Amino acid sequence: MEMGVTYNSMELMICCAARCLEDGKTVAVGTGIPCAAAMLAQRTAAPNLVICFEAGGVAPQLPTMPISVGDSRTFWRGVMATSMADVMETCQRGLMDYTFLGGAQIDPYGNLNSTLIGGDYARPRTRLPGSGGANDLASFCWRILVVTKHDRRRFVEKLDFLTTPGYLTGAGAREAAGLAPGTGPYRVITDLAILGYHEESKRMEVVSLHPGVTLDQVRANTGFELGAATNLLPTSPPTELELRIVREEVDPFRYIIGRG
Amino acid sequence: MAATPQGSGALFADPSSDQARDFFRTKPRAMTDKVVPVAEAVARLVNDGDYLAIGGFGCDRIPTAVCHEVVRQRKQDLRFAGYTATHTFQILAAGNRTGRGQTLAKVDIAYVVGLEARGLSPHGRRVLESGDVECTEWSNYTLALRFKAAAMGLPFLPCRSLAGSDTFRRSAAKMMVCPFTGEALTAVPALYPDAAAIHVHEADRFGNCRIRGTSVADLDLARAAKRLIVTCERLISNDVIRQDPTLTAIPFYCVDAVCEVPYGSYPGNMPYEYFSDEEHIKLWLEVEKDLERYQNFLESFVFGVRDFHEYLERCGGLRRLQELRRQELLLNPLP
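Sequences listed follow chains A and B, in order.
Per my numbering, the first sequence runs over residues 1 to 260.
Per my numbering, the second sequence runs over residues 261 to 595.
It is worth saying that the hints were derived from the structure and are not from the lab.
Just so you know, not all the hints are guaranteed correct.
Claimed, not checked - Here are some of the chain A residues that sit facing chain B, going by a computed Cβ distance under 10 Å:
{"#": "1", "residue": "71"}
{"#": "2", "residue": "122"}
{"#": "3", "residue": "161"}
{"#": "4", "residue": "173"}
{"#": "5", "residue": "182"}
Just so we're clear, the structure is a prediction, and the values are computed from it rather than from any experiment.
Where a beta carbon is used, it is the ideal one built from N, C-alpha and C, also for glycine.
Let the hints inform the model, and build the full structure from the sequences given.
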């Protein structure tokens, strides 16, 4: 434990997400934490990480955090500014290793809802944006990562709408539905823990607990039965180097870490 | 688990490629001068009940002036393709529940209501939660693929997305089996919009267009649309086009009207030209919370202004645009 290093939950989540990304791989990201994580990964363990944006930006040298998945920062000094179909079809061909997604709700199998909350489809209580590119990216990319706050409102047994496929109803369900084999959810990074998926059942389980967080605390904030990996590890806190890069290079205006 | 064979969502446009061919057979292809004011283009090329599609992505390279004109002219009962339609959806939704009838009647949704990291549009929610707009769900890629199918002159294209989700169940897609490999595929119907608008960097008077930066779905949309309005940052001569035809993204025979609208993507971003006006977008989101305040805002910024020039003036004019240009090109000192 590095005494004296203080950080907030956003900084911790960015660092955890960045560590999931291996060097020489490809990642389709959106704005916010995923983008920050990819930028941090490039500056630490994964200098050859290729960052792609669904609107067509490929391998930019991001000068600042983009506001939109399609703004000009997403291809600033990039190697290509192409079409949405080109990026999505690169994913569909099997060339995209990771994608980061989010949602208002996530269920035990990593399925996501970003379409509506409450009411019925024709008259929802809260209408949310819909899939955007999430359904496509979750269908095409090899490993799906989710970064989200951890509470019972978000981690629910049953979604109000299954916008984006995780493991659907469990092992084999993606393939049975017609999705490409070998794809699926990989990690969920929250402000309490890092979660993965059980090898056989494909249900979500705790992989590591953030410093000072107990398993009971994670379960109390989860709206479904949550298992834990047999070799449950503590999350390594952010290093001084990671924090310096996040604060000085990745998010100097504190757009994201200011919310932690 | 058996794959759901077909979504229950309504199909808002005819995917028939034979029908499309019949239309395109009659589409004018003479290289004529198509430069007109935006108001005239919208009056002539966007009709009540049309299926309308708008180019760009989010607040990026959007034909704002056309969207303003559509609601200013009180176009009614449009069908609309919402693929990461953020500010454009905001503008068109301003024609619903504001005492101007109903601009939007049916929406194919991939992404609407939200403005990405900026939050949700209160009025967009008001319109969609009221139940008076009929919706069908898609995703960004499947809507883009629907334009691609149309651009190819086909009735559908297959992909490996949507399967297993409620998005599929609320779409009008169908599962199919590949006749060669037996792999499961999702078939999405071609989308031939009646009218479309795209904002580009440069165009000549005939409609040959150049785009810098990402093209999003616009190259396919331009070819899929039956009628296309192009707004451009600046007109260039046909001579310049012919000096390097590799740079032409949209050819003249796809285009029905060319409108020169400098800063035409404002308050959105235009790559290599100007950044988005985040303060103005924030204001827009703020005033939407209260319907009466929003109506007053729309009156002074959209409904009650003569044209896009006047809107730009009300938003701070050249002084503000100069700031946004410096922001885009990273020419400002660090704060």
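Original post:
Measuring from the C-beta of residue 122 of chain A to each C-beta in chain B, is the shortest one below 10 Å?
Top reply: This interface hint holds because 5 Å falls under the 10 Å limit.
**OP:** With chain B as the partner, please determine if residue 71 of chain A meets the hint condition of a C-beta pair closer than 10 Å.
**Re:** Hint holds; residue 71 of chain A Cβ to chain B Cβ min 5 Å, cut 10 Å.
Original post:
Against chain B, with CB atoms and a cut of 10 Å, does the hint on residue 173 of chain A hold up?
Top reply: Where the cut-off is 10 Å and the nearest Cβ of chain B is about 6 Å from residue 173 of chain A, the hint holds.
**OP:** Would you check whether residue 182 of chain A satisfies its interface hint, that is, whether its CB is within less than 10 Å of any CB in chain B?
**Re:** Hint violated; residue 182 of chain A Cβ to chain B Cβ min 12 Å, cut 10 Å.
Subject >> Hint status (Cβ of residue 161 of chain A to nearest Cβ of chain B, threshold 10 Å) >> reply: Holds. Min distance 5 Å.
Of the hints listed earlier, the one the structure fails to meet is number 5.
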